[in-house]
Amino acid sequence: MLCAWAPALASAASLPPANRAHSATTLSVRDEGNLRFVRSSGSTLIDEGHATGTIPGNVRIHFLYNGNPNVSAQITIYGAHGTIQGHASGRLSSPTSPNPSFSGTLSIAGGSGRYSHARGGGKLYGVFHRRSYGMVVQTEGTLHY
Amino acid sequence: MALAAPAQGHNARAAAGGAPRASLAATFAPERLGAPTTVTFALNIDPPPETAPPPLSQIDFSYPGNLGFATSGLGLAACDPLELQAVGGQACPANSRMGGGTATVEVSFGAELIQEHVVLELFAAPSPDGYVHLAILARGAEPVEARIVITAVLLPGHLQIDVPVVAGLPGAPDVAIKQIRATLGGALTYYEQVHGHLVAYRPRGIGLPDSCPRGGWRLGAALAFQNGEQSQAGAVIACPQRRGRRRG
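Chains H and B, in that order, are what the protein sequence lines are.
Numbering-wise, the first sequence is residues 1 to 145 according to our numbering.
Numbering-wise, the second sequence is residues 1 to 248 according to our numbering.
Treat the hints as calculated values from the structure; they're not laboratory data.
Be a bit skeptical, because a hint or two may be false.
To be verified - Restraint-style ranges between C-beta atoms, simulated for each label pair:
1. H:Ser107 with B:His197: 56 to 66 Å
2. B:Asp210 with H:His81: 30 to 40 Å
3. B:Asp210 with H:Ala24: 53 to 63 Å
4. B:Ala91 with H:Ser132: 22 to 32 Å
5. B:Arg139 with H:Arg91: 57 to 67 Å
6. B:Ala187 with H:Val127: 51 to 61 Å
7. B:Gln90 with H:Ser112: 55 to 65 Å
8. B:Glu192 with H:Ser107: 43 to 53 Å
9. H:Val127 with B:Gly228: 23 to 33 Å
10. B:Gln115 with H:Val127: 29 to 39 Å
11. H:Ser132 with B:Gly110: 34 to 44 Å
Cβ coordinates follow ideal geometry from the N, Cα and C atoms, glycine included.
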């Protein structure tokens with residue numbers, strides 16, 4: 001489990017509103033999501049759930065695992081002030097374990113609302129429950145918006 | 001519960017030079033887009049007339065890369081191939097079983113070629129490299145009692161099977177595979193702990209994608225023989241009819 005976190009920097013917080021709209025904010029982000037299986041299409045699993053941490057909200061993940069241990073995922077976080085879109089790629093270990101883990105890198109590429117120009121990146125960790133098709137996913141990194 | 005009739009694809013055989021001809025049939029059962037299924041490959045090897053088929057060294061079954069083999073929920077434990085060889089399928093965890101099948105092999109007895117029926121049991125094996133590995137137990141009883149473990153690896157879009165040399169009688173040719181039929185998934189019983197109790201369940205199976213490619217799903221088999229010859233065969237599984245057009 002991830003512990004409490006704190007934003008590393010919130011440069012826009014003290015600016016007047018007129019300037020805030022055009023200024024950048026950089027956050028150190030840590031989130032964790034417990035996701036349940038929604039449906040699948042072949043080698044792609046679609047899971048959803050709630051994320052807690054720096055940017056709480058709902059999370060939807062399209063997780064591609066076609067037999068190659070190099071897995072990938074498209075991640076959308078639905079936060080209170082908009083959505084954040086991310087792409088992750090990593091490596092899955094112990095494929096015959098009931099709960100294989102994976103880890104890799106995450107890149108943020110846009111979103112909507114407050115996060116429409118979001119950029120950033122970091123690391124992704126997860127556990128894939130092969131019986132239920134649910135996942136626990138953790139991210140940590142830096143978000144600019 | 002009755003299952004829908006399996007969707008089946010056959011195709012013609014192809015061979016290079018004097019290599020044995022091969023034909024492949026493949027089925028998804030049931031065949032519903034976006035739903036779990038079982039996959040069956042049936043391969044026949046026909047040598048030129050008056051000759052015995054040469055022993056195989058490798059079979060590479062190919063299938064659409066977006067089939068959900070790796071996300072099937074099959075193979076939640078691993079079976080040690082050495083124990084499988086020494087003891088048999090009962091040495092393996094129930095949750096390592098991935099499927100089964102049959103094969104027909106040809107064994108030379110003097111001038112006579114005898115066909116032997118072989119039972120196949122497919123298990124997940126330990127993975128040294130992150131890919132899903134399989135151990136396939138081949139058991140024959142008559143006329144030759146034998147237990148052989150064949151190894152395979154599940155690659156994206158491929159199931160690659162390495163066939164070992166199986167020696168025949170002294171002075172006779174090696175044993176050769178004539179037919180092989182294998183199913184991944186199906187009526188398997190797995191177990192899980194629920195509130196301290198062991199509960200049986202059936203694993204979900206191999207996920208079909210939401211859509212079917214134009215012309216159907218193409219599957220194939222590439223065969224390599226111990227003598228260096230190669231053959232190929234293909235099969236197409238037609239797309240399912242739209243639900244509104246189905247009858248009955």
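Each hint, compared with the structure:
A beta carbon spacing of about 44 Å between Ser107 (chain H) and His197 (chain B) contradicts the range 56 to 66 Å that was offered as a hint. Between Asp210 (chain B) and His81 (chain H), the C-beta spacing of about 32 Å keeps the proposed range 30 to 40 Å intact. For the hinted restraint 53 to 63 Å between Asp210 (chain B) and Ala24 (chain H), the CB-CB distance of approximately 39 Å leaves it violated. Taking 22 to 32 Å as the suggested C-beta distance range, the pair Ala91 (chain B) and Ser132 (chain H) conforms, at roughly 28 Å.
The given range of 57 to 67 Å is broken by Arg139 (chain B) and Arg91 (chain H), whose C-beta atoms sit roughly 36 Å from each other. For the hinted restraint 51 to 61 Å between Ala187 (chain B) and Val127 (chain H), the CB-CB distance of approximately 29 Å leaves it violated. Range check, Gln90 (chain B) to Ser112 (chain H): Cβ separation about 56 Å, and the 55 to 65 Å hint holds. Between Glu192 (chain B) and Ser107 (chain H) the beta carbon distance is about 36 Å. The supplied range of 43 to 53 Å is therefore violated.
Taking the beta carbon of each, Val127 (chain H) and Gly228 (chain B) are about 46 Å apart, not inside 23 to 33 Å as hinted. Distance hint check: the CB atoms of Gln115 (chain B) and Val127 (chain H) are about 48 Å apart, inconsistent with the given range 29 to 39 Å. Here the CB-CB span from Ser132 (chain H) to Gly110 (chain B) is close to 57 Å, at odds with the stated 34 to 44 Å.
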